[in-house]
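Visitor: Sequence:
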Amino acid sequence: MVASEDGTTLTVQLVSVCPYFLDLCAFPAFFPVYEETAEANNTDGTTPGGWALDAGDSFVCNGAYVLQSWNHDSDMTYVKNEYYRDADSITIETLNFMLSSDDTAIYAAYQSGNLDFIDTIPTDELTGLLANDGPELYIADNLGTYYVGFNYNSDLWDELGLSEDDAAVFRHALCLLVDREYIVENIGKTGQELATTFIPAAASDGNGGTFKNTDYYSVDDYEANVEEAKALLESIGFEFDDNGMLTTDVSFTYLTNNSDANVKIAEALQADFASIGINMSIDQEEWNVFLETRKAGNFDVAREGWIMDYNDPINMLEMWTTDSGNNDCQFGRDDSKALDWDVYDDLITQIRNTADLAERAELMHDAEDMLMETWCVLPLYYYNDPYMMKSNCDGLVTNLFGMKYFQYMTKTAE
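Going letter by letter, the sequence shown gives residues 778 to 1191 in our numbering.
There may be inaccurate statements among the hints.
What follows is a set of in silico ranges between Cβ atoms, one per label pair, in the way DEER data are often shown [said to hold, decoys possible]:
no.	residue 1	residue 2	range
1	D1018	V1066	36 to 44 angstroms
2	V856	G911	26 to 34 angstroms
3	D1111	D1143	18 to 26 angstroms
List time: in silico DSS-like cross-link candidates among lysine-lysine, alpha-carbon distance up to 30 angstroms [claimed, not checked]:
no.	residue 1	residue 2
4	K1167	K1007
5	K1114	K966
6	K1167	K966
7	K1181	K857
8	K1188	K857
9	K989	K966
Think of the hints as simulated: they come from the structure by calculation, not from any bench. C-beta: ideal position from N, C-alpha, C; glycine also.
Full structure from sequences and hints, please.
Guide: Below is the structure:
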């Protein structure tokens, strides 16, 4: 990577073909930061993001707005950046953001007129909004998947007396027991598509086409899926009584963060599994604690989700390499397991270095196949992005990756 002497041109030399390179350039992780302040706040090399932890002189912005104040877990205030390249087009001088994990409180603030925009809406409110064709409700497209993750290295499988192969069959059965249509219609409510793959259905294959070319299970006949799930469980030694309930105790804990919709989805899963006698308890954690618990692998089963950073399947497939910080399922992290996850790691490396884009797409299908064969990833639905905005506001820009751009918004008197 070479910068011109006048600082106006950056030349990047790629070591391999990267069909999503321009998408990367638009992703926040690749935005430039001011070197002097970044290094001044990371003198010992342990806090590379130290410059961005609080409002102040170290938080140097080069976008349309600059951070003026930040009360953690409460609010943030941004003001127009007079040095922005298109500052003359920005008409809203100040942006005030409410920070809260309480969907109900955020919605109440919107309803009372204290907020003009929200992108978290309580599940119970969506029914009325949709029934009345709420003019302030919008649903943007997303590229992402809501799914359940199983810890491959959990003690649960040994406690159930399952070999690694039988544990995969057990997880496959749980996948079939989930009534996805109920979750989408009664909790999601905004027309989410039922997921039959890990990679979102609309994702590109990096070669000019759409990536999805298979379904790993059917979502057309829920009753048939339940019967197939029972047959799978019977194939690994479980038995059912005359009422279709398991004759042995099967219990585990599901970990989720404590937001409204995620808890309701957990309760739906709980009911689905209970229909054949599986006892699933729900453990709720505050968001930051929840993230650390998952990352450390201190769970049996957990709520998971991923919105793509750029439109290429590798973004979701490379999550599962042994050394990835997003490998919540803990693949390849227990040498006592028979799972040879080095094969997956090598496959991802090959994908990153393959110049033939058609071959690369096939290799990515192989990687998704290998991931789904573990049945540690249980897709529920493909995300969309509901939000609300007052009728006197206009000009918000969204993208497939869940980002919102406010610099060209306008607001008129009501």
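Visitor: Next, verify each hint and record whether it holds.
Guide: Checked hints:
1. Between D1018 and V1066 the Cβ separation comes to about 39 angstroms, which falls inside the hinted range of 36 to 44 angstroms.
2. Checking the proposed 26 to 34 angstroms range against V856 and G911 shows it holds: the Cβ atoms sit about 31 angstroms from each other.
3. With their beta carbons about 23 angstroms apart, D1111 and D1143 fall inside the hinted range of 18 to 26 angstroms.
4. Of the pairs offered as hints, the one joining K1167 and K1007 is violated, with about 49 angstroms between alpha carbons and a cut-off of 30 angstroms exceeded.
5. With a C-alpha separation of about 40 angstroms, the suggested pairing of K1114 with K966 is violated against the 30 angstroms cut-off.
6. The hinted pair formed by K1167 and K966 meets the criterion: a straight-line CA distance of about 21 angstroms does not exceed 30 angstroms.
7. A C-alpha spacing of about 16 angstroms is found between K1181 and K857, which places the hinted pair at or below 30 angstroms, so the restraint holds.
8. A threshold of 30 angstroms between alpha carbons decides the hint, and for K1188 with K857 the separation of about 15 angstroms falls inside it, so the pair holds.
9. Simply put, K989 and K966 have alpha-carbon atoms about 24 angstroms apart, close enough for the 30 angstroms limit, and the pair holds.
Hints 4, 5, counting from the list given before, are not met by this structure.
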